[in-house]
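Participant: According to my numbering, the stretch in the sequence shown is residues 4 to 671, in order.
These aren't lab readings, by the way, just hints derived from the structure by calculation. A couple of the hints might just be wrong.
Using C-beta positions, here's what the derived DEER-type ranges look like [claimed, not checked]: (1) Gly53 - Leu520: 21 to 31 Å; (2) Tyr239 - Asn671: 41 to 51 Å; (3) Gly185 - Gly53: 43 to 53 Å; (4) Gly185 - His640: 24 to 34 Å; (5) Asp52 - Met250: 16 to 26 Å; (6) Arg337 - Arg427: 28 to 38 Å; (7) Tyr434 - Asn671: 32 to 42 Å.
Once the Cα atoms are required to be at most 27 Å apart in a straight line, the calculated DSSO-like pairs of lysine-lysine come out as [to be verified]: (8) Lys491 - Lys549; (9) Lys159 - Lys219; (10) Lys390 - Lys303.
Just so it is clear, CB atoms sit at the ideal spot from N, CA and C, and this is done for glycine as well.
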Amino acid sequence: MISIITVTYNNFEDLKRTLNSLKRVEGIEKIVVNGGKCTKTKDYLCQFDGIDISEPDKGISDAFNKGVSHANGDLVMFLNSGDVLLSRDYLHEAEKIINFNPEISFVHSDLVFEDRISGDIRLTALQPFFFKAPPLGRGMPYHHQSMIVRKKVFEKTGLFKLQYKISMDFDWVCRLHKNGLGGFYWNKEPVVKMDGGGISALKEHLVILESLQALKENKLLTIKNLYGISVRTIFYFARRMMELLGMAEILGKLKKEKHKLLWQRSRAMAIKNNFSAILMEPRIIFPATFLQNWKQLPQKKIGLNGLLIHDYPTGLSRYSYELIRRIMTQLRGRSIAYSASPELSMEFPESTTGAVPPFRYPANFRSNSIRLSWEQVGLRYACFKDKLDLLYSPIAEGILFPRLPQIITVHDLLPFHYPSLLPRWVPYYEYFLPSVIKGSTAVVCVSEFTRQEVLNRYSNIPAEKLIVIHGGVDLDRFRPCSPGVIKKKYNLKDYLLCVGEVRPYKNLENVIRSLALCPDGPQLAISGKIFGEHKLKLETLANSLKIENRVVWLGYVPDDLLPNLYTEAMAFIFPSLYEGFGLPILEAMACGCPTLSSNRCSLPEIGGEAVHYFNPTDLNEITESIRKICEDSEFRHSLGTRGPEQAKNFNWDSSFKSHMDLFETILN
């Protein structure tokens, strides 16, 4: 939990503005330290839903210290009276970053500074990720209004010193550096609007004097920091001179441009050094614990097949994205992702990527011959050019007769079961894939079911070459949500949910027939790619059974609404006849949605005891399962409770670690 501390002194209007910005933020503790005697402030705090410390204090440092001592949260944030929180996401994501990374002591970010001269200008903290002591003589390297700090840090640094009236935060940061405590720069967006009318803005000369005192006291008055203080002093007198000469407006414009450039420079630094990327999905946080043995290996270089990283969501693209992103983040400078299309560099602007010759085409290009030619010619050339030690492909494609260790991933053998759906891929799986597997050092299978299928289909493959490493689900995104969003948006009543492409092997026909046998049952909401002849066939079936008003075709549901879609469903039903892994049931379970599933293929392996199974070809079993889930509330509750626990067994961090163990074994 984050304890947000606000100190005030006879400043009712500003305090009210600050607390109003925290009203709708969940999971925080609010602490107000009020050192004044303003009646309005005291009356307002009588109705305050947090901790109110209304008593005289010895200044701002003393007020901060009182707030820290009363904080019950593991994390502390100082939001001054008059400042406004702009990003609720920042609080939740910063908490995850610190919880998953024990070596990180604090998270900091950008501010919007409300300057009385030049208007709003954007400021930034200049040190991304794990800092190496910046030149403190130039001033505060972080904005304390944006910092979220472990409370335990104060045990090492001590509290704020009462002798400092303005630069108590700078003195404390000096002690952070002396103790070697590192932070993380979160640069997705500015997180706080800072009121620029405080004492530090009005008495800058005192700020400089106290900063000099803090550097001296903490034995950090190096030549570099002394030079920084000197530069600050010169610029201070230059600004004062401009103001006296009536050039305040010009000064304001210069300030605005200066801070704009600083902000751009900071982001460029973050990307260049691969410390904190401007991520599309900042919810995903990497574990701090990393393989010690891997670090001790010689500097091996790994190539990654990023062919299926693209901008439209599929199971294979999500699998590729999650693993490649983790590998590239943990092995900075030792991994290169390759693709024949520009999508890869768009997904990973901060990482080393390569669009290898001789082809460039969209990732969803449908020509198998060109796609396979890129892998055999372009990817092979990249292995030679970059002197790779290992090539990893998160899909069932790789180089024939590679001259280096190669790992590929087999997700399923769908083309053999439904050749009419994937006619282009039947020859590849029949003739090409066996040779790729033969030349690979190891083959990752996403489930034990898939492993057995591969062994049965290609009988000459050694069993020890096939390694089972399950995929995962994004537990930060897929979790129970507040109800009411989906039913209102799509005008739904109680509904069963189906998610995925509408294809024959998904077996929706039997669910619709079973729904007709439950006249008092719920609606059936179907989300995913919905088009073509098969959809028309299902619509005709629903019309003939006179339940067309109970079958709702949602089409594409935005990613950010999927957790709500699962959470609000009476149950999730997955009648598929064939699945190599079964990601949708994991997503449903993670959201606490009671799950009914086919008992075929990999699904019992993934669902465990948290799912109710049925024979997908038996209408009576499907119908009975629907009736039971609708009528038995205890049964629904039991499945909904067990689901999230089962989903925890399948997470991307665990999958990533298993892959790293495999890489290490092969490279050793």
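Participant: Could you run down the list of hints and mark each one as holding or not?
Facilitator: Results for each hint:
The hinted window of 21 to 31 Å between glycine 53 and leucine 520 is violated, with their beta carbons roughly 55 Å apart. Between tyrosine 239 and asparagine 671 the C-beta distance comes to about 59 Å, which lies outside the given range of 41 to 51 Å. A beta carbon spacing of about 30 Å between glycine 185 and glycine 53 contradicts the range 43 to 53 Å that was offered as a hint. A hinted range of 24 to 34 Å for the beta carbons of glycine 185 and histidine 640 is inconsistent with their spacing of about 44 Å.
Range check, aspartate 52 to methionine 250: about 48 Å between beta-carbon atoms, so the 16 to 26 Å window is missed. Range check, arginine 337 to arginine 427: about 35 Å between beta-carbon atoms, so the 28 to 38 Å window is met. The hint said 32 to 42 Å for the Cβ distance between tyrosine 434 and asparagine 671, and at roughly 33 Å that hint holds. Restraint check for lysine 491 and lysine 549: the C-alpha separation of about 25 Å stays at or below 27 Å, so the hint holds.
About 19 Å separates the Cα atoms of lysine 159 and lysine 219, which keeps this hinted pair within 27 Å; it holds. Taken as a hint, the lysine 390 and lysine 303 pair is honoured in the structure, with Cα atoms around 10 Å apart against an allowance of 27 Å.
In this structure, the earlier hints numbered 1, 2, 3, 4, 5 are contradicted, and the remaining ones agree with it.
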